[in-house]
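J.: Here's the letter readout for the chains.
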Amino acid sequence: MPSPSKDMLLDWYRQMALIREFEETCHQLYLQKRITGVYLHLYSGHEASGVGSMAALRKSDHVITAYRDHGIALILGMDANAVMAEMMGKKTGGSGGKGGSMHLASAAHNFWGGYAIVGGHLPLAAGIALEARYRGKDDVTMTYVGDGATNNGYFHESLNMSAIWDLPVIWIIENNGYGMGTEVERASGQTELHRKAAAYGIKDFGRVDAQDALAVYEVASQAVAYARAHGPAVIEHITYRYRGHGVSDKQYDSRDDMSAELRQWMDEREPLKILRDRIQAQFGDVSETLSAHEESARQIVAQSVEFAEASDLPRGRDALLSNTYVGSPLVYKTSDSIGAGSD
Amino acid sequence: MAVRNVAMREAIRRALHEEMLRDEAVFVMGEEVAYWQGTHRVTRGFLEEFGERRVRDTPISEMAIGGVAVGAAMAGLRPVAEFMTINFAFLALDAIVNHAAKVRYFFDGMFKVPLVYRAASGWGNQATASHSHAPEPIFAHFPGIYVGCPSNALDAYGMLKTAIRDDNPVLFSESIALYPKPSPLPDASDEAAQDDLLVPIGKGDIKRAGTDVTLVAYARGVDWSLQAARALARDGIEAEVVDLRWLRPLDMALVYKSFKKTNRCVIVEESLPMYSFGSEIAALLQENMFDYMDAPIKRVAAEDVPLPYSKEIELLALPNAQKVVDAVKEIV
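Order-wise, the sequence lines are chains E and S.
My numbering numbers the first residue of the first sequence as 1 and each following residue consecutively.
My numbering numbers the first residue of the second sequence as 1 and each following residue consecutively.
Misleading hints may appear alongside valid ones.
What the hints assert, rightly or not - The following residues of chain S were derived to be distant from chain E, with all beta-carbon distances above 12 Å: (1) Glu48; (2) Asp108; (3) Gly124; (4) Pro169; (5) Asp187.
Stated by the list, open to error - Label pairs and their in silico Cβ distance ranges: (6) Gly109/S to Glu288/E: 42 to 48 Å; (7) Arg22/S to Met8/E: 53 to 59 Å; (8) Arg22/S to Asp312/E: 41 to 47 Å; (9) Leu31/E to Gly109/S: 31 to 37 Å; (10) Ser3/E to Glu48/S: 37 to 43 Å; (11) His109/E to Met293/S: 52 to 58 Å.
In case anyone wonders, no lab produced these hints; they're calculated from the structure.
The beta carbon of each residue, even a glycine, is placed where N, CA and C say it ideally should be.
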């Protein structure tokens, strides 16, 4: 694995600063009721997990995740305007205002989406990887899965299927300590979640400190190379979420012990600070560049809010019904053919 | 072109085989589809001919079967995923309902999901309660997926080929009781002749013309309706049998046309009576054909009970031709 260049590391910082600014802005917009959807799952605190691991991919590789998907979308290069517009349910949103926070995707970036049912995207990941195997391509599918999902049937069935079919999937378990409000220790018999790989005979790349983008990158690179050549791999990212499971989870921040825990993570394991220190230790003072990235993030996000608020909402029956099916709109009770329209 | 009597299972096998030859993106996956040659023998010989890449045995993992098919379809393949029986598809309900049917919508048309779920369905044979469902209406409840339920070899052949070629997800339900039933199927050897047999998505079919009552059915209900129609004819009652073939989309134009002529309707289905095919058709008829209605709409469905093991009470629960005859006689 080539050691990441200075430019690469600076670019990681740029991505992480953008995510943090985007997510914290979303949080404010939610509190101000300018984002009105009930679900909003923020990636603050997780930045290094996504940035470090996706840095190991090439353009033709695939990415899929659950509902904590804003950061993933931004890392892959989805336009912040389209992401913010989707938060606000606008026509200009990446999913035309039909998906919302949990359903971002971009076919152009091989980003197969955010999915809202815990574990529901895992067999889809296997299916996407199957297409690569079927057609003899060596592209891999990087799949993010929360700690909570490792207890559900989708996880078991999908990992097992990936093993017997040698599918090139990197299963990245983002263990942030809680499945909604339930600690990993209370939810899983095996609390070292990466060890679940053994049950399926999948190559286990172990636990990684996922607040450290470089550590994440190093292991992800090995896992990607392995998946490309052989088959599935599991990595467990130890990370932490700075906000509740969803923004609507008010009890989260009000619990004293949790707040103390959160403060400790922010003080000691802050991913942007860790990366900043790593860069400066190796390349000297880059504070000017990092500040410029932070400023640029503020501008991009402010502009995305402006763009989103100025955009039109999807309106009317055509907008409501379109894209239910390929080829024809849904028209129940307005046509003689019920349940799918006539062209 | 020679027309031969062919079992429905053989017609389905032929359709699937031809589509695999026609399009390299088509592959089959499911429990026992490869080495075992298919639980219902639909994929007999496929492994030898197409190999493990395109004929894929899966573990007993219905959630994954349902979801892997979605991912593979989004990525550009055309999976034909088999649920050994439709009872097991309940385990995949989330993959079918929340993913296959909705992915296109919630990403506003970014992806297509050209897959077919095949599932063997139906009551009878003392299979007991958990293995005795004809739950097609459950799947047809959800927009985003089509549901096909053939009643004979010719329709099964043409419907499955259309389903595989369509860019939308299709749940294709095959009545186990109809698998061995022979019916005429032309021996179409070239592609043009085969294409002539395609059945468009959502197109119903009149299986018997009549003037006195409309019997609306699908799958096994068509056989019971046709048997009942023959019995009724002996009493001078001419029943028209409408085979809707697809539960979604629903060819109501065909039902309305028949109903305007007969002004009476009995709906026949193998499935349970509550929130059912029959409920839906009856509701639509009263909403849209009230002025043509000369009698209450009747429904013949299974008894509202889990199916027992013991033969005599099992059969008591099932619809049959006599129950259809009795329902017709209440309104004619």
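J.: Each hint needs a verdict: does it hold in this structure or not?
T.: Right, here's what the structure says about each hint:
1. Glu48: Holds, since 19 Å exceeds 12 Å.
2. Asp108: 3 Å, violated
3. Gly124: The claim holds: Gly124/S sits with its nearest Cβ about 28 Å from chain E, beyond 12 Å.
4. Pro169: 9 Å, violated
5. Asp187: Fine: 31 Å to the nearest Cβ keeps Asp187/S off the interface.
6. Gly109/S to Glu288/E: 42 to 48 Å: For Glu288/E against Gly109/S, whose Cβ atoms are near 44 Å apart, the range 42 to 48 Å holds.
7. Arg22/S to Met8/E: 53 to 59 Å: 47 Å, violated
8. Arg22/S to Asp312/E: 41 to 47 Å: About 43 Å separates the Cβ atoms of Arg22/S and Asp312/E, which means 41 to 47 Å holds.
9. Leu31/E to Gly109/S: 31 to 37 Å: 32 Å, holds
10. Ser3/E to Glu48/S: 37 to 43 Å: Hint violated: Cβ distance 51 Å, outside 37 to 43 Å.
11. His109/E to Met293/S: 52 to 58 Å: Given about 56 Å between the Cβ atoms, the range holds.
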